[in-house]
Structure formats: C-alpha cells, structure tokens
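Asks: Chains A and B are the protein sequences, given in the same order.
So for the first sequence, the working numbering puts the first residue at 22; every next one is plus one.
So for the second sequence, the working numbering puts the first residue at 64; every next one is plus one.
Note that these hints are calculated values from the structure, not bench results.
A couple of the hints might just be wrong.
Only pairs whose alpha carbons sit at most 30 angstroms apart, straight line, appear in this in silico DSSO-like list of lysine-lysine [said to hold, decoys possible]:
1) Lys-30(A) x Lys-112(B)
2) Lys-170(B) x Lys-132(B)
3) Lys-131(B) x Lys-170(B)
4) Lys-121(B) x Lys-132(B)
5) Lys-112(B) x Lys-132(B)
6) Lys-131(B) x Lys-30(A)
7) Lys-121(B) x Lys-131(B)
8) Lys-170(B) x Lys-112(B)
9) Lys-35(A) x Lys-170(B)
Cβ-Cβ distance ranges computed for the label pairs, FRET-style [as the list claims (entries may be wrong)]:
10) Ser-91(B) x Lys-35(A): 43 to 53 angstroms
11) Gly-61(A) x Tyr-102(B): 17 to 27 angstroms
12) Leu-109(B) x Thr-91(A): 18 to 28 angstroms
13) Arg-130(A) x Pro-93(B): 12 to 22 angstroms
14) Ser-88(A) x Leu-81(B): 29 to 39 angstroms
15) Ala-64(B) x Asp-47(A): 24 to 34 angstroms
16) Val-92(B) x Gly-72(A): 17 to 27 angstroms
17) Ala-64(B) x Gly-119(A): 16 to 26 angstroms
18) Thr-91(A) x Ala-64(B): 40 to 50 angstroms
19) Glu-134(B) x Gly-61(A): 18 to 28 angstroms
20) Gln-105(B) x Pro-96(A): 15 to 25 angstroms
21) Gly-79(B) x Thr-107(A): 36 to 46 angstroms
22) Glu-129(B) x Arg-130(A): 30 to 40 angstroms
These numbers were taken from a predicted model, which means no experiment stands behind them.
C-beta: ideal position from N, C-alpha, C; glycine also.
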Amino acid sequence: NAGVTQTPKFQVLKTGQSMTLQCAQDMNHEYMSWYRQDPGMGLRLIHYSVGAGITDQGEVPNGYNVSRSTTEDFPLRLLSAAPSQTSVYFCASNPRQGPPEAFFGQGTRLTVV
Amino acid sequence: AQSVTQLGSHVSVSEGALVLLRCNYSSSVPPYLFWYVQYPNQGLQLLLKYTTGATLVKGINGFEAEFKKSETSFHLTKPSAHMSDAAEYFCAVGGPNQAGTALIFGKGTTLSVSS
Numbered sequence: 022n023a024g025v026t027q028t029p030k031f032q033v034l035k036t037g038q039s040m041t042l043q044c045a046q047d048m049n050h051e052y053m054s055w056y057r058q059d060p061g062m063g064l065r066l067i068h069y070s071v072g073a074g075i076t077d078q079g080e081v082p083n084g085y086n087v088s089r090s091t092t093e094d095f096p097l098r099l100l101s102a103a104p105s106q107t108s109v110y111f112c113a114s115n116p117r118q119g120p121p122e123a124f125f126g127q128g129t130r131l132t133v134v
Numbered sequence: 064a065q066s067v068t069q070l071g072s073h074v075s076v077s078e079g080a081l082v083l084l085r086c087n088y089s090s091s092v093p094p095y096l097f098w099y100v101q102y103p104n105q106g107l108q109l110l111l112k113y114t115t116g117a118t119l120v121k122g123i124n125g126f127e128a129e130f131k132k133s134e135t136s137f138h139l140t141k142p143s144a145h146m147s148d149a150a151e152y153f154c155a156v157g158g159p160n161q162a163g164t165a166l167i168f169g170k171g172t173t174l175s176v177s178s
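Just need the whole structure built from these sequences, with the hints factored in.
Replies: Quick look at the structure:
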C-alpha cells in the first residue's frame, strides 16, 4: 500500500526560483492538505482541499498556490522561493466520512538559499 | 476556533519510568482528538485517537490517553518508557463541524529517554 507519496524528498532552491512539490494518494480520500513543519512551531496548515476543484487557505498560505484537478493529486507550488520558506513540508489526506484521521506522506525537506 | 496546547516542549525520562505528555484543547463542539508520533526524518504516524464512547483510549506501542471533558485535556501516558519511544509527539484536534478537513496541531513535545 503506497498511501500518501510525496516527491521530491529533498530540494535546494535559490531565492526567487519556483517549484512544485508533488503529492499523490491512492486511498480515494476526498480531503487533502499541506502543512509545513518548523522547529518549535509544530505543523501549520498551508492549504487544504475538500475535493477535486475545491481548495481553501489555511493558517500560512502566503507564497504558495495549490490546485486539485483530480482526487489523487494535490501539488503545492512555490511561486518565488524565499529563505523563510525553508522548512519540511508534509502532505496529508483523510477520508470524508468519520473522524478526520490524517494519513501523512514522508515529507519534503526544502532549503532556500 | 479550535486550538491545541501541549505543555512542555521537551520531556526527559529514564528507561522504565512513566511517560506523561500533556495536551489541552479548545473546541466549541465535542472534538475528535489524536496523538501522532514522529521519529527522526520520518512522517507522522497515528498513535491513537478519541472519537466517541470510552474516554480511555489505547494505542500502539503501549501508549494510552484519557479524554477529560471537564478539564479539556487529552494527556498521553505510557507506564514504562523504552529507548525506542524517543521521538516527537503531536496532539491534534478536529471537530464534527470540520469532519474531513485538516487537523489543528499542537507545537509538539520531544521525548528523550535515557538509560
């Protein structure tokens, strides 16, 4: 069972570059979300989606874009990378029915220099 | 709005000692509550969850947590710590009015276990 798959695992960007973090899930979950993890800050919600074609902002959305064209995929785009976006990014999915138990990918460690 | 407070960013115990990680939540509706564990350089893994019913919840690796509505708490315990329990632990809340949407996480507690 693949679950939630994130690519790449590691990435180094220069300030001003753009890139897309990929996230795919094979559990047919309607809900997906992106978090960033920084030391002492826990996980902070960037964007989330409740289904294909529907996205919304979380706590820290600035500098990031998302789209959801299929149930399986939920890419996160950094428009113009900044050093403040150096972080570990986690994608999660959870089912529509029942408790919102989140299933996490292994994370992408991003460094912006 | 929902929120989670984890008391103590770092907890140190000796092997064999009791583990107690504290979590308090704020929610205007009966919440769903979760504990996740993160081992170094890995993703988050579910330890246990409270939905409805029994307030004492048992999870993996010998951990358990008790939902206390009157204290708005969901503290995580383990009777006897093992070296392999060293990790970061996150408490999270989600409510019925947010069913299926993203969880709100606390800032995490790092557990160190010494021999």
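Asks: Honestly, do Ala-64(B) and Asp-47(A) meet the 24 to 34 angstroms range at C-beta?
Replies: 32 angstroms, holds
Asks: Determine whether the Cβ-Cβ distance between Gly-61(A) and Tyr-102(B) falls within the hinted range of 17 to 27 angstroms.
Replies: 18 angstroms, holds
Asks: Given the hinted pair Lys-35(A) and Lys-170(B), is their alpha-carbon gap at most 30 angstroms?
Replies: Since the Cα atoms of Lys-35(A) and Lys-170(B) sit roughly 28 angstroms apart, the hinted pair holds (cutoff 30 angstroms).
Asks: Regarding Ser-91(B) and Lys-35(A), is the given constraint of 43 to 53 angstroms on their beta-carbon distance met?
Replies: 45 angstroms, holds
Asks: Is it true that Gly-79(B) and Thr-107(A) lie within 36 to 46 angstroms of each other by Cβ?
Replies: Since the Cβ atoms of Gly-79(B) and Thr-107(A) sit about 39 angstroms apart, the hinted range of 36 to 46 angstroms holds.
Asks: Regarding the pair Lys-170(B) and Lys-132(B), is the alpha-carbon distance no greater than 30 angstroms?
Replies: With Cα atoms ~21 angstroms apart, Lys-170(B) and Lys-132(B) stay inside 30 angstroms; holds.
Asks: Is Lys-170(B) within 30 angstroms of Lys-112(B), Cα to Cα?
Replies: Satisfied, since the Cα-Cα distance of roughly 18 angstroms is no more than 30 angstroms.
Asks: Assuming the hint says 15 to 25 angstroms, is it satisfied by the Cβ distance from Gln-105(B) to Pro-96(A) or not?
Replies: Since Gln-105(B) and Pro-96(A) have Cβ atoms about 22 angstroms apart, the given range 15 to 25 angstroms holds.
Asks: The hint says 12 to 22 angstroms between Arg-130(A) and Pro-93(B); measuring C-beta to C-beta, is that right?
Replies: The hinted range 12 to 22 angstroms is violated for Arg-130(A) and Pro-93(B), with Cβ atoms some 37 angstroms apart.
Asks: Please work out if Lys-131(B) and Lys-170(B) have their alpha carbons no farther apart than 30 angstroms.
Replies: 20 angstroms, holds
Asks: Tell me if the beta carbons of Ser-88(A) and Leu-81(B) are separated by a distance inside 29 to 39 angstroms.
Replies: Violated, since Ser-88(A) and Leu-81(B) (Cβ atoms, about 47 angstroms apart) do not stay within the stated range.
Asks: Between Thr-91(A) and Ala-64(B), is the Cβ distance one that fits in 40 to 50 angstroms?
Replies: 31 angstroms, violated
Of the numbered hints given earlier, the model fails hints 6, 13, 14 and 18; all others are met.
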